[in-house]
Amino acid sequence: MNDKPHVLLVDDERSIREPLAQYLSRNGFRVTAAADAAEARTRLAGSAIDLVVLDIMMPGEDGLSLCRHIRESGDLPVILLTAKSEETDRIIGLEMGADDYVLKPFSPRELVARIKAIFRRVAAGGVRQHADGTNYAFDGWVLKTGERTLVDREGVAVPLSTAEYNLMLAFATRPNQVLNRDQLLDITQGREANAFDRAIDNQISRLRRKIEDDPKNPRFIKTVWGGGYTLAADVRKL
Amino acid sequence: MKTVRRLLPSSLAGQIILVVAIALFVAQAVNFAFLYRERERQLLAIASAPAAARIVDAIEGRDRSLDRMERISWSAAAPVIAGRRRPDIEQRAGTMLENAGLEIRSIRAVEQERPHHDRDWREGRGRFMHGFRPPRDALYLSVELASGRWVTVQTRLPRDPPRFLGWLVGQTLVLYVIVLVPLLLVGRRIARPLDDLTRSAEQFATTGAADPVMERGPGDVRRLTTAFNAMRARLLAMLTEKDRMLGAIGHDLRTPLASLRVRAESVEDEGERARMSETILEMSRMLDDILSLARAGRSMEPVQKVDLAALADAVVEDFVELGAKVDMTETARTVASVKPQLMKRALRNLIENAVKYGDRAHVELVGDTREVRIDVKDDGPGMPEDRMADMMEPFTRIEESRSRDTGGAGLGLALVRAIMMEHGGELRLSNRPEGGLCASLVLPVTAVD
Chain A
19 MNDKPHVLLV
29 DDERSIREPL
39 AQYLSRNGFR
49 VTAAADAAEA
59 RTRLAGSAID
69 LVVLDIMMPG
79 EDGLSLCRHI
89 RESGDLPVIL
99 LTAKSEETDR
109 IIGLEMGADD
119 YVLKPFSPRE
129 LVARIKAIFR
139 RVAAGGVRQH
149 ADGTNYAFDG
159 WVLKTGERTL
169 VDREGVAVPL
179 STAEYNLMLA
189 FATRPNQVLN
199 RDQLLDITQG
209 REANAFDRAI
219 DNQISRLRRK
229 IEDDPKNPRF
239 IKTVWGGGYT
249 LAADVRKL
Chain B
2 MKTVRRLLPS
12 SLAGQIILVV
22 AIALFVAQAV
32 NFAFLYRERE
42 RQLLAIASAP
52 AAARIVDAIE
62 GRDRSLDRME
72 RISWSAAAPV
82 IAGRRRPDIE
92 QRAGTMLENA
102 GLEIRSIRAV
112 EQERPHHDRD
122 WREGRGRFMH
132 GFRPPRDALY
142 LSVELASGRW
152 VTVQTRLPRD
162 PPRFLGWLVG
172 QTLVLYVIVL
182 VPLLLVGRRI
192 ARPLDDLTRS
202 AEQFATTGAA
212 DPVMERGPGD
222 VRRLTTAFNA
232 MRARLLAMLT
242 EKDRMLGAIG
252 HDLRTPLASL
262 RVRAESVEDE
272 GERARMSETI
282 LEMSRMLDDI
292 LSLARAGRSM
302 EPVQKVDLAA
312 LADAVVEDFV
322 ELGAKVDMTE
332 TARTVASVKP
342 QLMKRALRNL
352 IENAVKYGDR
362 AHVELVGDTR
372 EVRIDVKDDG
382 PGMPEDRMAD
392 MMEPFTRIEE
402 SRSRDTGGAG
412 LGLALVRAIM
422 MEHGGELRLS
432 NRPEGGLCAS
442 LVLPVTAVD
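Respectively, the protein sequence lines represent chains A and B.
Its first residue numbered 19, the first sequence is counted upward by one per residue in the numbering used here.
Its first residue numbered 2, the second sequence is counted upward by one per residue in the numbering used here.
Don't read these hints as lab results, they were simulated from the structure.
All C-beta atoms, glycine included, are put in the ideal place defined by N, C-alpha and C.
Don't take every hint at face value.
What the hints assert, rightly or not - Here are the in silico distance ranges between beta carbons for each label pair:
{"id": "1", "chain 1": "B", "residue 1": "Gly324", "chain 2": "A", "residue 2": "Arg227", "range": "16 to 24 Å"}
{"id": "2", "chain 1": "A", "residue 1": "Lys240", "chain 2": "B", "residue 2": "Leu323", "range": "28 to 36 Å"}
{"id": "3", "chain 1": "B", "residue 1": "Asp387", "chain 2": "A", "residue 2": "Arg32", "range": "34 to 42 Å"}
{"id": "4", "chain 1": "B", "residue 1": "Leu282", "chain 2": "A", "residue 2": "Asn235", "range": "43 to 51 Å"}
{"id": "5", "chain 1": "A", "residue 1": "Asn235", "chain 2": "B", "residue 2": "Val446", "range": "31 to 39 Å"}
{"id": "6", "chain 1": "B", "residue 1": "Leu240", "chain 2": "A", "residue 2": "Asn235", "range": "47 to 55 Å"}
{"id": "7", "chain 1": "B", "residue 1": "Thr447", "chain 2": "A", "residue 2": "Lys240", "range": "25 to 33 Å"}
{"id": "8", "chain 1": "B", "residue 1": "Lys306", "chain 2": "A", "residue 2": "Ala63", "range": "44 to 52 Å"}
{"id": "9", "chain 1": "B", "residue 1": "Met422", "chain 2": "A", "residue 2": "Pro77", "range": "36 to 44 Å"}
{"id": "10", "chain 1": "A", "residue 1": "Arg44", "chain 2": "B", "residue 2": "Ser431", "range": "49 to 57 Å"}
{"id": "11", "chain 1": "A", "residue 1": "Lys240", "chain 2": "B", "residue 2": "Leu254", "range": "32 to 40 Å"}
What the hints assert, rightly or not - Calculated lysine-lysine pairs in the DSS-like style (CA-CA distance at most 30 Å, straight line):
{"id": "12", "chain 1": "A", "residue 1": "Lys255", "chain 2": "B", "residue 2": "Lys306"}
{"id": "13", "chain 1": "B", "residue 1": "Lys306", "chain 2": "A", "residue 2": "Lys240"}
{"id": "14", "chain 1": "A", "residue 1": "Lys134", "chain 2": "A", "residue 2": "Lys162"}
{"id": "15", "chain 1": "A", "residue 1": "Lys255", "chain 2": "B", "residue 2": "Lys340"}
{"id": "16", "chain 1": "A", "residue 1": "Lys234", "chain 2": "A", "residue 2": "Lys162"}
{"id": "17", "chain 1": "B", "residue 1": "Lys340", "chain 2": "B", "residue 2": "Lys243"}
{"id": "18", "chain 1": "A", "residue 1": "Lys162", "chain 2": "B", "residue 2": "Lys340"}
{"id": "19", "chain 1": "A", "residue 1": "Lys234", "chain 2": "B", "residue 2": "Lys306"}
{"id": "20", "chain 1": "B", "residue 1": "Lys345", "chain 2": "B", "residue 2": "Lys326"}
{"id": "21", "chain 1": "A", "residue 1": "Lys134", "chain 2": "A", "residue 2": "Lys255"}
{"id": "22", "chain 1": "B", "residue 1": "Lys345", "chain 2": "B", "residue 2": "Lys306"}
{"id": "23", "chain 1": "A", "residue 1": "Lys255", "chain 2": "A", "residue 2": "Lys234"}
{"id": "24", "chain 1": "A", "residue 1": "Lys134", "chain 2": "A", "residue 2": "Lys234"}
{"id": "25", "chain 1": "A", "residue 1": "Lys234", "chain 2": "B", "residue 2": "Lys243"}
{"id": "26", "chain 1": "B", "residue 1": "Lys306", "chain 2": "B", "residue 2": "Lys340"}
{"id": "27", "chain 1": "B", "residue 1": "Lys345", "chain 2": "A", "residue 2": "Lys162"}
{"id": "28", "chain 1": "B", "residue 1": "Lys345", "chain 2": "B", "residue 2": "Lys243"}
{"id": "29", "chain 1": "A", "residue 1": "Lys234", "chain 2": "B", "residue 2": "Lys345"}
{"id": "30", "chain 1": "B", "residue 1": "Lys326", "chain 2": "A", "residue 2": "Lys255"}
{"id": "31", "chain 1": "A", "residue 1": "Lys162", "chain 2": "B", "residue 2": "Lys306"}
Unchecked claim - The following residues of chain B were derived to be distant from chain A, with all beta-carbon distances above 12 Å:
{"id": "32", "residue": "Asp58"}
{"id": "33", "residue": "Leu254"}
{"id": "34", "residue": "Arg264"}
{"id": "35", "residue": "Ala337"}
From just these sequences and the hints, can you work out the full model?
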């Protein structure tokens, strides 16, 4: 009856839930609000929801548990609202399968941008990356998604910048696939490349310096003629 | 004086043992001095008595046989005998002769060493003759009688006393074994529980948690341990309570902030909206800093081996992505055992400061034999030397006015310092000679592999 995307907003705080629901409505979404996990489950069962915005800290069943439930029963995109704390970095990496998260206090515009980016990826054929606590191992290296770091053959952590990490994750989840710049930009940053964009090439060479024995003659991240890169390695999920 | 102090033992048991050893040695030395004096008197008597007796015999004409062996000679003047005068024997023998009722005008004692060739010959034979003892030095005692005549007798001096010093050393060593070994055992019994206490207290100081100490050792040490354990339990309870409270405060303050942030979006005036969201963000950042600082030293993050060069590079790169003027000198891999999220946070704070106050940040990883540093240099005005220590205290900012236009609650450096202390390192500030501030994250080389 209407083609607006349907967002389920779950937050126990009325002072956040109500104005946020209004804001999302004004920005082109159909919004259903739920005050707790139980209500959210009812709404999920009763209507066609396209995406869930979920507060982690809630009395009763918390957001993480609900998120796991959603992930088990389907492929519904989830964005977590979380307070920044020492726990955050750890929790984000745990098995909760959220698509994205925003730190409180968040900018509603930012939230809308993230929601739109997820919808665009879904529309583009499901090139989404969940942070679901899976680690990826290839040739002695381990990409730890929780800590956003690589661990080398000697067990030494080699921290990555945000962009490097996103790129590495894109490769690790798609080993031996050729990915062109546009695809990499879309996967890692959710934006379109412009003709002069060298950002991906810079990130690739930085990543090579960190993981290749000889960055000039790469063994893992190879350049494919005709515009693209590929991770030439067998990747195991841990 | 310093070297002496360095050589002295610093431990309780070591010091007790050293003091007892010195006291024992002094007591032994005093004892030895008395013994030595007594022995000297005896030796003197042994040396003087035979000669004095022989003089009495000679005067009384009792022993003619000795004349023939030239052991007694008479002369009108003082005989000339080569050798060493022995005034001690002269005095002692004189007293003896006077006690025997003889009147003497003067007395002279001379010790004469056996000529060497004579000795050699005798000793050579002595090897064949079983039980033959090496010859002794001769003593000539001359006495001028009341009549003016001199009588000279010859006797043998007793042999050199046995090694008295060696005997003292041996005796002292035996005493040492008897006294110091039990002392060492007692010392260890006291020292071990004290060691445990020290280790636990140190662990508590660095990590904010420690296992209770086993109660053992002597009664007073055990009471100390009990008291320490009670204090530890109380501190832990307080720290846990603090964390719980801070967590609750953090959550309860963030919710209204988040609500405010959402509502701010509906403000029509764009400039006003931007200012509001900036203020809310600022409050949220301050809240983060306060919570982090309050939790300093109690981080749950595990220590792990990290390539510091890659860590610094990753942090710098995140700034570059956002368009900040930050660069880094490329450095070879440097592995250290750290808490990577905390180290990143510390470095981010320093870079933020450098960009805010010093326009740009230049990051460099420097290592030598003592420490590894991550230097963050800027081109700003630097910092007055006398304010540097203050600046690392919480809620201190470079402008005394506490003006808000440069942002921050003055917690950044305090947090960095707390993080570095948790790593056993330090935050070091200095003004660069070419201008600008250099803030360094310093790790001891023990953290580096």
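Status of each hint after checking the structure:
Distance hint for B:Gly324 and A:Arg227: a CB-CB separation of about 22 Å, consistent with the stated range 16 to 24 Å. Hint check: A:Lys240 to B:Leu323, Cβ distance near 30 Å, so the stated range 28 to 36 Å holds. For B:Asp387 and A:Arg32, the hinted distance range of 34 to 42 Å is not satisfied, since their beta carbons lie about 52 Å from each other. Between B:Leu282 and A:Asn235 the CB atoms are about 45 Å apart, so this pair conforms to the stated range of 43 to 51 Å.
Distance hint for A:Asn235 and B:Val446: a CB-CB separation of about 34 Å, consistent with the stated range 31 to 39 Å. With their beta carbons about 53 Å apart, B:Leu240 and A:Asn235 fall inside the hinted range of 47 to 55 Å. Restraint check, B:Thr447 to A:Lys240: a C-beta distance of roughly 41 Å breaks the suggested window 25 to 33 Å. Checked against the hint of 44 to 52 Å, the C-beta distance between B:Lys306 and A:Ala63 comes to roughly 48 Å, which is consistent with it.
Taking the beta carbon of each, B:Met422 and A:Pro77 are about 37 Å apart, inside 36 to 44 Å as hinted. With their beta carbons about 53 Å apart, A:Arg44 and B:Ser431 fall inside the hinted range of 49 to 57 Å. Distance hint check for A:Lys240 and B:Leu254: the Cβ-Cβ separation is about 50 Å, which falls outside the suggested range of 32 to 40 Å. Using a Cα cut-off of 30 Å, the hinted pair A:Lys255 and B:Lys306 holds, with the two alpha carbons roughly 23 Å apart.
As the CA atoms of B:Lys306 and A:Lys240 are separated by approximately 28 Å, the hinted pair is consistent with the 30 Å bound. With a CA separation close to 27 Å, the supplied pair A:Lys134 and A:Lys162 stays within the 30 Å bound. Of the pairs offered as hints, the one joining A:Lys255 and B:Lys340 holds, with about 25 Å between alpha carbons and a cut-off of 30 Å not exceeded. For the hint pairing A:Lys234 with A:Lys162, the CA-to-CA distance comes to about 26 Å; that is within 30 Å, so the pair holds.
A distance of roughly 22 Å separates the Cα atoms of B:Lys340 and B:Lys243; the hinted pair therefore holds under the 30 Å criterion. About 15 Å separates the Cα atoms of A:Lys162 and B:Lys340, which keeps this hinted pair within 30 Å; it holds. A hinted pair counts as satisfied when its Cα atoms are at most 30 Å apart, and A:Lys234 with B:Lys306 qualifies at roughly 27 Å. Restraint check for B:Lys345 and B:Lys326: satisfied, since their Cα atoms lie roughly 18 Å apart, inside the 30 Å limit.
Restraint check for A:Lys134 and A:Lys255: the C-alpha separation of about 29 Å stays at or below 30 Å, so the hint holds. Taking the CA atoms of B:Lys345 and B:Lys306, the gap is near 14 Å; set against the 30 Å cutoff, the hint holds. Restraint check for A:Lys255 and A:Lys234: satisfied, since their Cα atoms lie roughly 28 Å apart, inside the 30 Å limit. Restraint check for A:Lys134 and A:Lys234: the C-alpha separation of about 38 Å exceeds 30 Å, so the hint is violated.
Distance hint between A:Lys234 and B:Lys243 is unfulfilled; the C-alpha atoms sit about 53 Å from each other, more than 30 Å. Of the pairs offered as hints, the one joining B:Lys306 and B:Lys340 holds, with about 9 Å between alpha carbons and a cut-off of 30 Å not exceeded. Distance hint between B:Lys345 and A:Lys162 is fulfilled; the C-alpha atoms sit about 17 Å from each other, no more than 30 Å. About 25 Å separates the Cα atoms of B:Lys345 and B:Lys243, which keeps this hinted pair within 30 Å; it holds.
Straight-line distance between C-alpha atoms of A:Lys234 and B:Lys345 comes to about 29 Å, which keeps the hinted pair within the 30 Å bound. Proximity of B:Lys326 to A:Lys255 is assessed by CA-CA distance (about 38 Å); at most 30 Å being required, the pair is judged violated. Of the pairs offered as hints, the one joining A:Lys162 and B:Lys306 holds, with about 14 Å between alpha carbons and a cut-off of 30 Å not exceeded. Annotated as non-interface, B:Asp58 keeps its C-beta farther than 12 Å from every C-beta of chain A; the closest such distance is 99 Å.
Residue placement check: B:Leu254 does not keep its beta carbon more than 12 Å from all beta carbons of chain A (closest about 10 Å). Taking the minimum C-beta to C-beta distance to chain A, about 5 Å, the non-interface status of B:Arg264 is violated against the 12 Å cut. At roughly 9 Å, the least C-beta separation between B:Ala337 and chain A is not larger than 12 Å, which violates its mark as non-interface.
Checked against the numbered hints above, the structure breaks hints 3, 7, 11, 24, 25, 30, 33, 34 and 35 and satisfies the rest.
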